[in-house]
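Use these hints to put chain B onto chain A, whose structure you have.
So the protein sequences, as listed, match chains A and B.
Take the first sequence: its position 352, counted from the start at 1, is 407 in the numbering used here, and no numbers get skipped.
Take the second sequence: its position 174, counted from the start at 1, is 229 in the numbering used here, and no numbers get skipped.
Just so you know, the hints here were simulated from the structure itself, not pulled from any lab data.
A couple of the hints might just be wrong.
Copies of one chain are not kept apart here, so a pair can be met inside one copy or by any two copies together.
No more than 25 Å apart at the CA atoms, straight line, and that leaves these computed lysine to aspartate or glutamate pairs for DMTMM-like [said to hold, decoys possible]: (1) K83 x E134; (2) K411 x E171; (3) K430 x E419; (4) K97 x E121; (5) K375 x D287; (6) K66 x E80; (7) K430 x E395; (8) K71 x E419; (9) K79 x E116; (10) K280 x D139; (11) K177 x E80; (12) K400 x E211; (13) K280 x D352; (14) K71 x D258; (15) K125 x D168; (16) K71 x E276; (17) K97 x E211; (18) K98 x E366; (19) K86 x E116; (20) K66 x E395; (21) K71 x E171; (22) K280 x D258.
There are 2 protein chains.
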Amino acid sequence: MNNFIFQNPTKLIFGKGQIARLSKELPKGSKILVTFGGGSVKKNGVYEQVTAALEGFDYQEFWGIEPNPKVETLRKAVEICKRDGVDFLLAVGGGSVLDGTKLIAAAAVVDTDAWELVCNPKLYGGTLPFASVMTLPATGSEMNRGAVISNLATGEKYAFYNTYPQFSILDPQTTFSLPPYQVACGLADTFVHVMEQYLTATDIAPLMDRWAEGVLQTIIEVAPKVRADQTDYDAMATYMLSATMGLNGFIAMGVPQDWATHMIGHEITALTALTHGHSLVVVLPAVMDVMREQKGDKILQYGQRVWGITEGSYDERIDKTIAATEEFFRSLGLQTRLSELNIGKEVAEQIVLRFKERGTLLGENSNIDYLTVEKILNQRL
Amino acid sequence: MNNFIFQNPTKLIFGKGQIARLSKELPKGSKILVTFGGGSVKKNGVYEQVTAALEGFDYQEFWGIEPNPKVETLRKAVEICKRDGVDFLLAVGGGSVLDGTKLIAAAAVVDTDAWELVCNPKLYGGTLPFASVMTLPATGSEMNRGAVISNLATGEKYAFYNTYPQFSILDPQTTFSLPPYQVACGLADTFVHVMEQYLTATDIAPLMDRWAEGVLQTIIEVAPKVRADQTDYDAMATYMLSATMGLNGFIAMGVPQDWATHMIGHEITALTALTHGHSLVVVLPAVMDVMREQKGDKILQYGQRVWGITEGSYDERIDKTIAATEEFFRSLGLQTRLSELNIGKEVAEQIVLRFKERGTLLGENSNIDYLTVEKILNQRL
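Only chain A is shown next, with the shape it has when bound in the complex:
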């Protein structure tokens, strides 16, 4: 097991009716900026619950943080924070709203431009405290430090790290009215988050392996229930909790991690606006196949424990395991080939070129260069 330091101070407030607790959790006397997405929270009752709980607080609203939050939008919120002396941020919505809010919170306390902060972590100079009401289970942003920010002008998309949310409120009932496509992408995103932390080598941290497999098994079991009835409270609660636990560090103690699928997927999204979770299911099967020599033993462990695959030669079992994984993604209603998504070879070529120019090396052993990325993408045309 690798040495590690783990600390996750976020207070997770989970369950029916918990949004009302906002009034207890928000710091009294604060100047609060409440950040929102496009307005779906006005249709599902979340906005009413939030504003009811905010009665008596000094707050204003900022609307319009889009999926794959754009720095151009976030800069406007940063200006408001500085102008009005905002000292607490509350994100209400999905992972994109919270991701964007993490950057707003950090950019509000420095003179640096928000995109410079994303590009150069050394410029980070602290943050306003922030919290969330999370309505879309997928990114785990509600209980981690990470955010992914896009730049419209440059077509770039990068990770940014702030501190943890002070608290996050998750009421599974807020997910009942999500578009089924977003739910499918959220299930896929959760699944791949776990795979990125898990699918490296065997025998490093056996307990973390079991916990990662446990999230995967849970997602596989609950996905059909979720897709059959999005108002099944227990199913949606299980999905929601799995999404949080899939990327809050709980399954990452003492293990190496991969994240090649995410890095390649981010480029697809940056260039085509394909939903993040969907981009991952396109990439992952090919990462498994192309990296089978390095990851073979772990793929077999995953195949056996999660899919019950025990028959066949070493390579046959790997093939079956990759096929089961891709079939699961397709069972969510998600296409897994670029051509099915009308994304052509020129996008793949542009992504390869970007990795070539940057010289980035991906994967747990930093050995996935642009030529390997090319192999991976060529498999998915």
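Just chain B, lined up with the frame of chain A:
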């Protein structure tokens, strides 16, 4: 899934050589009381590492916190804290040292006697901050709020809750020299902690079930390695991490819990000084058997997923699962019957009488009364 609020702010610092980080983690300018047990840390190099890291800090040492920490001992440390203006506590040792330190930290900031604090949680009035260097994987105390305190004068043993340790440093190398009996009891303690949180009803929190089963599977797999070679770093690290994750709230989100085995086991320890973990393996098989009507479905799930038991009638599978559990405890070298431990019927009778007098009702449904406790103990004579 039940509603829940989860927050665990402890910083977990895990791995080889991490004790040296103490000098970075301890608050500068504090007056520190370092608490110890009986002196084993002077034989295994831990004391040297701790004092090296404490160079330049203003600290004093308090020795002699015993297994099943006695309030009589802890009161002496409370006096020192008050007399010398101690403002930070560092526990170095096993779960008992840290448990005792949690009570010292709370009693140091109030005028109430320490035992009154244990008996009446309403008298809790805050705490000195505290942290630990944990050297015996078992109780999970390094990452939870709980402590168990004994009273020599009254022969009582109760749980006490403070806040979380600020940080806990776990270097698996510190466990290499533990007495094998303590290791066996620690493995058993971890196993039963998980069972207490898991063995209630099915289909409440599927992800938590998977994670609980994951800890159990990990302990079952690693136990023979640990017992074969206590200097196997990876095995000891896996055991140590499992002990922490078994009782830090990570597997308890949204689930009911039992704890009847612990409540009965505590009485055995209070009356006979049998090591805590050992008392649990005596009690658990009988709790499973006597409560089989209520817990049957979950026992079957546990039997199937953890032990691979799928053949036989409903009751046969329950019997096999209980037998596998008891056999695992015996494989640790632990006797599972009171008679094997020279504990007679009179102890069982006294425990039943205590539960009768207190009117305590145990278990996830608060339906285990003293008559059921009698049935449970009579099975274990």
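Hints versus structure:
Within a single copy, K83 and E134 get their C-alpha atoms as close as 23 Å, which meets the 25 Å cut-off; across copies the closest is 37 Å, which misses it. In this homomeric assembly, K411 and E171 come within 25 Å of each other (Cα to Cα) only inside a single copy, at 23 Å, whereas the closest approach across copies is 68 Å. With identical chains, the CA atoms of K430 and E419 are at most 25 Å apart within one copy only, with a shortest distance of 18 Å there and 55 Å across copies. In this assembly of identical chains, the alpha carbons of K97 and E121 lie at most 25 Å apart only when taken from the same copy (15 Å versus 59 Å across copies).
In this assembly of identical chains, K375 and D287 lie within 25 Å of each other by CA distance neither inside one copy nor across copies; the values are 32 Å within and 35 Å between. Within a single copy, K66 and E80 get their C-alpha atoms as close as 10 Å, and across copies as close as 22 Å, so both meet the 25 Å cut-off. In this homomeric assembly, K430 and E395 come within 25 Å of each other (Cα to Cα) only inside a single copy, at 19 Å, whereas the closest approach across copies is 65 Å. In the homo-oligomer, the alpha carbons of K71 and E419 lie at most 25 Å apart only across protomers (21 Å), although the nearest pairing inside one protomer, at 39 Å, exceeds that limit.
Only within a single protomer do K79 and E116 lie at most 25 Å apart by alpha-carbon distance; the minimum there is 19 Å, versus 41 Å between protomers. For a Cα distance limit of 25 Å, the shortest separation of K280 from D139 qualifies neither inside one copy, at 46 Å, nor across copies, at 61 Å. When the C-alpha separation of K177 and E80 is checked against a cutoff of 25 Å, the pair qualifies only between copies, where the shortest distance is 22 Å, while the shortest distance within a copy is 31 Å. When the C-alpha separation of K400 and E211 is checked against a cutoff of 25 Å, the pair qualifies only within one copy, where the shortest distance is 19 Å, while the shortest distance between copies is 74 Å.
Taking CA atoms no more than 25 Å apart as the test, K280 paired with D352 passes between copies only; the shortest distance there is 21 Å, against 31 Å inside one copy. In this assembly of identical chains, K71 and D258 lie within 25 Å of each other by CA distance solely across copies; the values are 18 Å between and 39 Å within a copy. Taking the closest pair of Cα atoms, K125 and D168 come within 25 Å of each other only inside a single copy of the chain (13 Å); across copies the shortest separation is 58 Å, beyond that limit. For the homomeric pair K71 and E276, the shortest alpha-carbon distance inside one copy (22 Å) is at most 25 Å, but the shortest distance between copies (38 Å) is not.
For the identical chains of this complex, K97 and E211 are neighbours neither inside a copy (31 Å) nor across copies (56 Å), given an alpha-carbon limit of 25 Å. Proximity of K98 to E366 under the C-alpha cut-off of 25 Å is found in neither arrangement, the shortest distances being 50 Å within a copy and 51 Å between copies. Taking the closest pair of Cα atoms, K86 and E116 come within 25 Å of each other only inside a single copy of the chain (11 Å); across copies the shortest separation is 46 Å, beyond that limit. In this homomeric assembly, K66 and E395 never come within 25 Å of each other (Cα to Cα): the closest approach is 41 Å inside a single copy and 46 Å across copies.
Proximity of K71 and E171 under a CA criterion of 25 Å is satisfied in neither setting, with 40 Å inside one chain copy and 37 Å between copies. For a Cα distance limit of 25 Å, the shortest separation of K280 from D258 across copies, 13 Å, qualifies, whereas the shortest one inside one copy, 33 Å, does not.
Checked against the numbered hints given earlier, the structure breaks hints 5, 10, 17, 18, 20, 21 and satisfies all the rest.
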